[in-house]
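The primary structure of each chain is shown beneath.
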Amino acid sequence: MKQLRCPLNGVRPVSEFAYAGEVRDMPDPDACTDPQWADYVFNRSGVPGVKREWWCHIASGYWFIAERDTARDAVIDTYPVEKLREVHRA
Amino acid sequence: MFRRHERLRDSYDVVIIGGGGHGLAAAYYLARDHGVRNIAVIEKGYIGGGNTGRNTTIIRSNYLTPEGVQFYDESVRLWQDLSADFDLNLFYSTRGHFTLAHTDASMRTMRWRAEVNKHYGVKSEVVDAAYVKNALPMIDIECGGHAPVLGALYHAPGAIARHDAVAWGYGRGADQRGVEIHQETEVTGIDVEAGRIKGVRTTRGYISTSKVLCAVAGFTPRLLEMVGLRSPIYIHPLQAMVSEPIKPWLDPIIVSGSLHVYVSQTARGELVMGSTLDPYEVHQTRSTLDFTETLSAHMLDLFPFLSEVKIVRQWAGLADMTPDFAPIMGTTPIEGFYLDAGWGTWGFKATPVCGKTMSHTVATGRNHPLIAGFGLDRFARFELTGEKGAASVGH
Numbered sequence: 001m002k003q004l005r006c007p008l009n010g011v012r013p014v015s016e017f018a019y020a021g022e023v024r025d026m027p028d029p030d031a032c033t034d035p036q037w038a039d040y041v042f043n044r045s046g047v048p049g050v051k052r053e054w055w056c057h058i059a060s061g062y063w064f065i066a067e068r069d070t071a072r073d074a075v076i077d078t079y080p081v082e083k084l085r086e087v088h089r090a
Numbered sequence: 091m092f093r094r095h096e097r098l099r100d101s102y103d104v105v106i107i108g109g110g111g112h113g114l115a116a117a118y119y120l121a122r123d124h125g126v127r128n129i130a131v132i133e134k135g136y137i138g139g140g141n142t143g144r145n146t147t148i149i150r151s152n153y154l155t156p157e158g159v160q161f162y163d164e165s166v167r168l169w170q171d172l173s174a175d176f177d178l179n180l181f182y183s184t185r186g187h188f189t190l191a192h193t194d195a196s197m198r199t200m201r202w203r204a205e206v207n208k209h210y211g212v213k214s215e216v217v218d219a220a221y222v223k224n225a226l227p228m229i230d231i232e233c234g235g236h237a238p239v240l241g242a243l244y245h246a247p248g249a250i251a252r253h254d255a256v257a258w259g260y261g262r263g264a265d266q267r268g269v270e271i272h273q274e275t276e277v278t279g280i281d282v283e284a285g286r287i288k289g290v291r292t293t294r295g296y297i298s299t300s301k302v303l304c305a306v307a308g309f310t311p312r313l314l315e316m317v318g319l320r321s322p323i324y325i326h327p328l329q330a331m332v333s334e335p336i337k338p339w340l341d342p343i344i345v346s347g348s349l350h351v352y353v354s355q356t357a358r359g360e361l362v363m364g365s366t367l368d369p370y371e372v373h374q375t376r377s378t379l380d381f382t383e384t385l386s387a388h389m390l391d392l393f394p395f396l397s398e399v400k401i402v403r404q405w406a407g408l409a410d411m412t413p414d415f416a417p418i419m420g421t422t423p424i425e426g427f428y429l430d431a432g433w434g435t436w437g438f439k440a441t442p443v444c445g446k447t448m449s450h451t452v453a454t455g456r457n458h459p460l461i462a463g464f465g466l467d468r469f470a471r472f473e474l475t476g477e478k479g480a481a482s483v484g485h
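The listed protein sequences derive, respectively, from chains A and B. Just so you know, we're using my numbering here: the first sequence kicks off at 1 and counts up by one. Just so you know, we're using my numbering here: the second sequence kicks off at 91 and counts up by one.
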């Protein structure tokens, strides 16, 4: 079975995890236009590539970030959400 | 079966990207009904080698929205005489289709679908558990006690067909009418100038054209990136598997949303089985053991006597999913660029009607009335066509 490294619980079977899509920046709902908001709500980057994604270890309810190549289905890195903020600041 | 063309011409009236059932059907109807014959169908692999050859061949029209029901009903009508039209046996086999309900909530959805269906003249009825058991004596109606079948939506016109033959039939028909089919030809770029289609770059040379129809299933986002359009389409693999051939015992098509199972038995005795999408985005057609394990367990809930039957093949296709489980079809903000996309897990049954409506749309430049609810612009207006309740399983 495929495995995923949870930053909190270590290597676990992928069936213990839930995928919640790519990390995306939310526009300010009060400042953005309706088309900008619709773009945020619906549109996705459907092309293959390395993506930063939300994953959850269901048993422990722990949310974290995985960087994964969706063309090869290879996980490059997993890390806690806190690190995402550092990446964003950088 | 087809002519083979040594080289691409410099220009065509219409370039269809994707030589699956949808693309070839559009080419066929453009040539037959609209007199447009200067067409190239560009296929990266071989015709029918994508999702046309990877689906579980179920044909039905018991949908939930008025837009969906009318659209798929027209498709079922077109299916009926397609074999005669092509002079090619599609093994179209009307079986009847049961969507099992294991909970009160799904019984409610079945009643809703039956009423919408009947309103539009589609044969659908809610039946009770005893009716299901009578039609299908081999079923464990209690599902081992943990998911008893309460009833079902019965849809008499439900059918299966030989999927490869659909691509061959449309392909041969288009070829005979002058359409050029170019296999092993990959699109590497699409040129757009001042909001209009100018040409298509391929691995075998440049084509100038003013009209492009994109019918590429799981590759839609890559094509959209070439023309700079954004869409809600996301890609998950969808897997299926087949058992060894066994004696005929399963006449109707059986679907259980709660158990994530759909199954039918082919004319040569194999059980063709499918389930939910893979749980995360992948652009690869690899198979997983997770899939066979989970689907087999659910199959045995319904049909415990199959425990000794072997799985002989499994495979996957790339499904281009949409948020409302309805397709994305028709004109786009780019003049001359037409989409037949977002066909997720529900595209095979729609092959004929997609060909009909897209050929009209490409020939006239205006959306066919039957696809009015499926435009790419519906998302920006927050006007979705919610079809998830009619998806075969809860993806």
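Calculated from the structure, these hints are not laboratory results. Since this is a predicted model, take the numbers as computed values, not measurements. Think of the CB as a built atom: it goes at the ideal place given N, C-alpha and C, for glycine as much as any other residue. Check the hints yourself; a few may be wrong.
Residues of chain B placed beyond 10 Å of chain A at every Cβ, according to the derived structure [stated by the list, open to error]: (1) A195; (2) E215; (3) S300; (4) S321; (5) P394; (6) R471.
Residues of chain B clear of chain A, computed beta-carbon distances all greater than 10 Å [stated by the list, open to error]: (7) G143; (8) Y221; (9) T310; (10) R312; (11) Y324; (12) H373; (13) Q374; (14) V402; (15) A481.
Covered stretches of chain A, going by a simulated chain B footprint (3 or more residues, C-beta under 8 Å) [to be verified]: (16) 2-12; (17) 15-21; (18) 74-87.
Each hint tested on the structure:
1. For A195/B, the non-interface assignment is confirmed: its Cβ lies about 22 Å from the closest Cβ of chain A, beyond the 10 Å cut-off.
2. Its beta-carbon lying about 36 Å from the closest one in chain A, E215/B satisfies the requirement of being farther than 10 Å from that chain.
3. With a cut of 10 Å on Cβ distances, S300/B stays outside the contact zone with chain A, its closest approach being about 26 Å.
4. With a cut of 10 Å on Cβ distances, S321/B falls inside the contact zone with chain A, its closest approach being about 6 Å.
5. At roughly 24 Å, the least C-beta separation between P394/B and chain A is larger than 10 Å, which holds for a residue marked as non-interface.
6. The Cβ of R471/B does not lie farther than 10 Å from every Cβ of chain A; its closest approach is about 8 Å, which violates its non-interface assignment.
7. Every beta carbon of chain A lies more than 10 Å from that of G143/B, the smallest distance being close to 21 Å; the non-interface claim holds.
8. Annotated as non-interface, Y221/B keeps its C-beta farther than 10 Å from every C-beta of chain A; the closest such distance is 36 Å.
9. Non-interface call for T310/B relative to chain A: violated, since the shortest CB-CB distance, roughly 7 Å, does not exceed 10 Å.
10. Consistency note on R312/B: stated as away from chain A, yet its beta-carbon is not over 10 Å from all of that chain's, at 5 Å minimum.
11. Distance to chain A contradicts Y324/B as a non-interface residue, since its nearest Cβ pair spans about 5 Å, not more than 10 Å.
12. The non-interface label for H373/B is inconsistent with chain A: the shortest C-beta to C-beta separation is roughly 4 Å, within 10 Å.
13. Here Q374/B does not stay apart from chain A, with its beta-carbon only about 6 Å from theirs, under the 10 Å limit.
14. The non-interface label for V402/B is consistent with chain A: the shortest C-beta to C-beta separation is roughly 22 Å, beyond 10 Å.
15. The beta carbon of A481/B is kept farther than 10 Å from every beta carbon of chain A, the shortest such distance being approximately 18 Å.
16. A stretch counts as covered by a chain when three or more of its residues have a beta carbon under 8 Å from one of that chain; for the stretch 2-12 of chain A and chain B the count is 1, and the coverage is violated.
17. Counting residues of the stretch 15-21 of chain A whose C-beta sits closer than 8 Å to any C-beta of chain B gives 4, which meets the bar of three, so the coverage hint holds.
18. Against chain B, the stretch 74-87 of chain A contributes 0 residues with a C-beta closer than 8 Å to a partner C-beta. That does not satisfy the three-residue criterion, and the hint is violated.
Violated hints, listed in ascending order, are 4, 6, 9, 10, 11, 12, 13, 16 and 18; each of the other numbered hints is respected by the structure.
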